[in-house]
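Below, each chain spelled out in residue letters.
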Amino acid sequence: MKKPYPDAVSALDGVLFDGMTIMAGGFGLCGIPENLITALRGSGTQNITAISNNAGVDDFGLGLLLQTRQIKKMISSYVGENKEFERQYLAQELELEFNPQGTMAERIRAGGAGIPGFYTKTGVGTLIAEGKEHKDFDGDTYVLETGLVADVSLVKAWKGDREGNLIYRKTARNFNPMMATAGKFTVAEVEELVEVGELDPDQIHTPGIFVQRIIQSKDLEKRIEQRTIRTRGE
Amino acid sequence: MAWTREDMARRAALELQDGFYVNLGIGIPTLVANFIPDGISVTLQSENGMLGMGPFPYEEDIDPDLINAGKQTITELDSTSYFSSADSFGMIRGGHIALSILGAMQVAENGDLANWMIPGKMVKGMGGAMDLVAGVKKVVIIMDHNARDGSAKFLKECTLPLTGVRVVDMIISDVGVFTIDDEGATLVELAPDVTVEEVQERTEANFKVAL
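If you're matching them up, the sequences are chains A and B in order. Residue numbers are given in this note's numbering: position 123 of the first sequence equals residue 123, and the series is strictly consecutive. Residue numbers are given in this note's numbering: position 109 of the second sequence equals residue 109, and the series is strictly consecutive.
The shape of chain B in the complex, shown without the other chains (with noise of 0.2 Å):
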C-alpha cells in the first residue's frame, strides 16, 4: 500500500532533529508540521518574515498582519520573531536553516529540481524556493512518484525549468525514500507492499537499492 500525504508528511517529520530551524513550503509539506516527533523542538520559518510559526488562529484570533508564505493565517509564539524580506534570506541564503522540506514537479538523479514554471502555460514565479534550495543546508522533497498522467517525475534528466541544481538531498514519494549525494541516487526505504520493481517500472531515474 502506497503512502498517503499524511504517511509522506509523517516520514518527512523523522528528518527534522532537536533545536532544528525549518522552512516548510506550501502544500504536502505544511502538514509536517503535524508530525513533529515529541521531544523534539523545531522553529518553523516562514520565508515572509517570521521565525516561531504557530498553528492556525481561532476565528476570533485572526490578523491580517499575520499570515504564512502560503498567505494563510497563522498564530505567533511566545519565541516569535519578526523581521524583513532581507533579513529573512539572509538567514535562508548564509545557511542558517538546518532543512528546507518543498514540493516538486520534477527532480532529476543527480538531484536537479524543476518546481517553479511549465513555459507557456503556468506562469507562477519561483517565490522563494530558488533561494531556499541555493542556501538551506538539507533540501527534503515531498511529492506524488508520478505525475497525474502517470508519466515520471524522478527522471534522469529534467525537462522543464530548473529551480536548482544539484540541490536535493532526499525524495519521499508514496512508493518510498530516496537519498540523492555525489554517487546518484539510491532507494532507502519502500512504502509497505510496494516493490523494488513496481518502483523501477514508475521511475525514469537510474537508482541503487539499499533497503
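Just chain A, same shape as in the assembly (with noise of 0.2 Å):
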C-alpha cells in the first residue's frame, strides 16, 4: 500500500461521508491542516462533528467549513476567536461540546491507545461534570472522561517521510500527535515529503502506523493571529 498521494482532494478521495467524525490538529491557525480542510470543504461532506482545539477565525481554518455549514456540531475548548462561530452557536444552528483542553489531549490520546475512559481532577464541580460518574481516591474527587475516535484525522506536520513518520516543528505539534493515533484513518500533511532513510528514526514523534496517507502541502499560508513583536532597543 503506497501511502503517499499527489495531493490533498486524491488523499481525501474515498474515505469522506455524511455525518461522520473528523479531527483537525492544530492550535489556533499554528498546524493546521490547510491543504486537507480545504479540501474538505471542496468535497461538500455534510454534518460533520469536527474535534478540534479551536474553531479557527472566520475566513481561515476550520472557519471555512462553518462558513458553508458543513459541521453540525464542534468538540473543542476555546472558539474565541471566531464570530461565525458565536453566532450560529447563540442562534442554535450549531452543537457545541466544550471540552477542558487538557481533558480533551486526554480524550484523543486515550482514544489512540485504546483507553475507553480515565478519571480526572479537571471539571469537578462544574457545569462539564454534570451527569458523568465521580469516584474517590484518596480523598479527593474526580470525574469519569471517554476516549475520543474519529473516522478520520487530518494533522499537519512539519517533515514526514514515504511511510508515514512524522516530525513535528515547535508549538505547531500541540494536538497533531494524539489526534494521529485516534483516527481510524489517518490523513497527515507535512511540508517536506521525503524518501524513506532520510528522517532520523530517533528524531520521529509519530510512527508511520497512525498515518494511512500522506501529502506534501503546497501554497500554505501559515497565518498568524496575534502578530506580537519587540523593537531593537527594547
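These are computed hints drawn from the structure, not numbers from a lab. For every residue, glycine included, the Cβ atom is placed at its ideal position computed from N, Cα and C.
Below, in silico cross-link-like pairs of lysine-lysine (BS3-like), each with a Cα-Cα straight-line distance of 25 Å or less: (1) B/124 / A/132; (2) B/138 / A/121; (3) B/137 / A/135; (4) B/137 / B/208; (5) A/2 / A/218; (6) A/83 / A/72; (7) A/72 / B/124; (8) A/121 / A/135; (9) A/121 / B/137; (10) A/170 / A/222; (11) A/184 / A/2; (12) B/121 / A/73; (13) A/83 / B/121; (14) B/124 / A/83; (15) A/132 / A/73; (16) A/121 / B/156; (17) A/121 / B/124; (18) A/159 / A/170; (19) A/72 / B/121; (20) A/135 / B/138; (21) A/73 / B/124; (22) A/159 / A/184; (23) B/208 / B/156; (24) A/222 / B/124; (25) A/218 / A/159.
FRET-style restraints, in silico, Cβ to Cβ: (26) B/40 / A/134: 38 to 44 Å; (27) A/139 / B/26: 30 to 36 Å; (28) A/222 / B/55: 20 to 26 Å.
Using the hints, put the two chains back together into the complex; each one sits in its own frame.
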C-alpha cells in the first residue's frame, strides 16, 4: 500500500461521508492541516462532527467549514476567535461540546491508545462534570471522561517520509500527535515529504503505523493570529 | 491610589520563587513576565506545548510555528523544550507546575473561580483554565476589583458557571491582596491610600483583615 498521494483532494478520496467525525490538529491557526481542510470543504461533506481545539477564524482554518455549514457539531476547548461560530451557536444552528483543553487532549490520547475512559480532577464541581460518573481516590473526587476516536484524523507535520513517519516543529505540534493515533484513518499533510531513511529514527514523533496517507502541502499560508514583536533597543 | 495593571503584575511577580515552573494566563497575567525579580530564575510554561518561553521576536524572527497560548508570536530560549498538548497537560494535571496566574470574572470567598462563560452572551470556552486550577499547586488571580458597571467581582458565591471549586489561593486586585484558605478570605495588603472601609464597600465577600 502506497501512502503518498499527489494532493489533498486525492488523499481524501473515498474516506469521507456525511455525518462523520473528523479530528483536525492545530492550536489556533498554528499547525493546522491547511490543504486538507480546503479539500474537505471542496468535498461538500455534510453534518460533520469536528474535534479540534479551536474553530479557526471566520475566513481561515475550520472557519471555512463553518461558512459553508458543513459542521453540525464541534468539540473544542476555546472558540473565542471566531465570530461566525459564536453567532451560529447562540442562534442554535450549531451544536457545541466544550472540553477543558487538557481533558480534550487526554481524551484523544486515550482514544488512540485503546483506553475507553479515565478519571480526572479537572472540571469537578462545574457544568462539564454534570451527569458524569464521579469517584473518590485518596480523599479527592474525580470525574470520568471517555476516550475519543474519529473516522478520519487530519494532521499537519513539518517533515514526513513515505512510510508516514512524522516530525513536528516547535509549537505546531500541539494536538497533532494524539489525533494521528485516534483516527481510524489518518491523513497527514507535511511541509517536506522525504524518502525513507532521510529522517533520524530517534527523532520521529509519530511512527508511520498511525498514518494511512500522506501529502506534501502546497501554497501554505501559515497565517499568524497575533503578530507581537519587540523593537531594537527594548 | 489604587494599583494599575502594571502594579498588580509587579506584586504578583513577588509570588515567584527561584526554580519555579510557572504558567501565566492571557491578559494582565502575561505582564508578570516583565517583573521577574533579579536573581530569580523561573521557567514559563505555555500550555500549547512549550517550556522556556522567550520574549516577543524581532520582526525578522517571527515564526508562525512558534506561538504562546494567547496565539502571540514568541521566541525560544536555549533551555526551551517542545511537547504535545497531552504532555503539556500531563505536566499541569500532574502537579508539576508550581504556580499559575490567571484572570477572573468572579471569585467567591471560599476560592471558587468563574472565568470562562456568561450564559447566553459570551461563548469562548475554558481553554486550559479548568485543568490549570485543578492541577497547579498555587493559583493566583489578578483582576480588577470591580466590574465595569461597578458591581463586585469578589463575592460570597459566584453567579457565573464555575471554572473550579475552592481553587483560588490568592487574589491581587487594584485595591490590594487577599489570601484564601480553608478558614476563608483575608485581606493581607492594601494598595497605597486605599482604606479597609473602601475595600469593604467594593466587596461582597466576607473577609478578615490582617494587614
